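J.: If you want the building blocks of each chain, they are given just below.
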Amino acid sequence: GAVVSQHPSRVICKSGTSVKIECRSLDFQATTMFWYRQFPKQSLMLMATSNEGSKATYEQGVEKDKFLINHASLTLSTLTVTSAHPEDSSFYICSARDPSGSWGYNEQFFGPGTRLTVL
Amino acid sequence: RKEVEQDPGPFNVPEGATVAFNCTYSNSASQSFFWYRQDCRKEPKLLMSVYSSGNEDGRFTAQLNRASQYISLLIRDSKLSDSATYLCVVNHSGGYSTLTFGKGTMLLVSP
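If you're matching them up, the sequences are chains A and B in order.
The C-terminal position of the first sequence is numbered 119 in my numbering, with every residue numbered one higher than the one before it.
The C-terminal position of the second sequence is numbered 111 in my numbering, with every residue numbered one higher than the one before it.
To be clear, the hints were calculated from the coordinates, so they are not data collected in a lab.
Bear in mind that the values here come from a model prediction, so they are computed numbers and not experimental data.
Glycine included, each C-beta is placed from N, C-alpha and C at the ideal position.
Some clues are possibly wrong.
Mimicking DSS-like on lysine-lysine, the simulated pairs with C-alpha atoms at most 27 angstroms apart in a straight line are [claimed, not checked]:
1. A:K64 x B:K42
2. B:K79 x A:K14
3. B:K45 x A:K41
4. A:K64 x B:K79
5. B:K42 x A:K14
6. A:K14 x B:K45
7. B:K79 x A:K41
8. A:K20 x B:K42
9. B:K103 x A:K41
A few chain A positions that, by computed beta-carbon distances, are all more than 10 angstroms from chain B [as the list claims (entries may be wrong)]:
10. V11
11. K14
12. V19
13. L26
14. Y36
15. E63
16. K66
17. E87
18. D88
19. T117
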């Protein structure tokens, strides 16, 4: 299957700093990428849908000014957690959709995730 | 009511046991259904899609009942390596094809 990478895999930062997470599709062009967040023992929750060249669509309850998403190319989307606080500590996972895949329009491949710890 | 509900777990079973996971979804317009597997501190990985006619992949059998909005996953002859959290995932209609994940059911297979 297609490969999606994320960087960094783990971040520990002080409260108030901003953290940027990169999501890359390595062997396909992803017109759409998704950002999820997963708290311990909870399900993955979709935060936003990112389309190349346009503004991201945020899910209800997700602050767009706090979680900045940029999808400047067909292989890269970034999520910036601005002024991070301890309650933002979570596992952030991106996925990318490969319209040409065997699932067709719905196929999504997940990155390995980024574990953010805000002290 | 949550969009996708699963057995709370965890399920503790011995090697070789058969184990069944249940899932219900609330949106009758849901179009696609999947089972994912997630290992501890890792990303979810697709285990199998679920088709209306039911489908089997080796030791794994998935079934869908649209009328009851119910999905199941059966694992036969469980292995130690099957230990993971199993996520029921539903795809709703719409341009962005967003996935909705259940909370997952943890499976622990012991020797």
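J.: Hint by hint, say whether it matches the structure.
T.: Hint check results:
no., hint, verdict
1, A:K64 x B:K42, "holds, 26 angstroms"
2, B:K79 x A:K14, "violated, 42 angstroms"
3, B:K45 x A:K41, "holds, 17 angstroms"
4, A:K64 x B:K79, "violated, 43 angstroms"
5, B:K42 x A:K14, "holds, 24 angstroms"
6, A:K14 x B:K45, "violated, 31 angstroms"
7, B:K79 x A:K41, "holds, 23 angstroms"
8, A:K20 x B:K42, "holds, 20 angstroms"
9, B:K103 x A:K41, "holds, 8 angstroms"
10, V11, "holds, 14 angstroms"
11, K14, "holds, 23 angstroms"
12, V19, "holds, 18 angstroms"
13, L26, "holds, 14 angstroms"
14, Y36, "violated, 8 angstroms"
15, E63, "holds, 19 angstroms"
16, K66, "holds, 21 angstroms"
17, E87, "holds, 20 angstroms"
18, D88, "holds, 18 angstroms"
19, T117, "holds, 13 angstroms"
Consistency note: the structure conflicts with the earlier hints numbered 2, 4, 6, 14.
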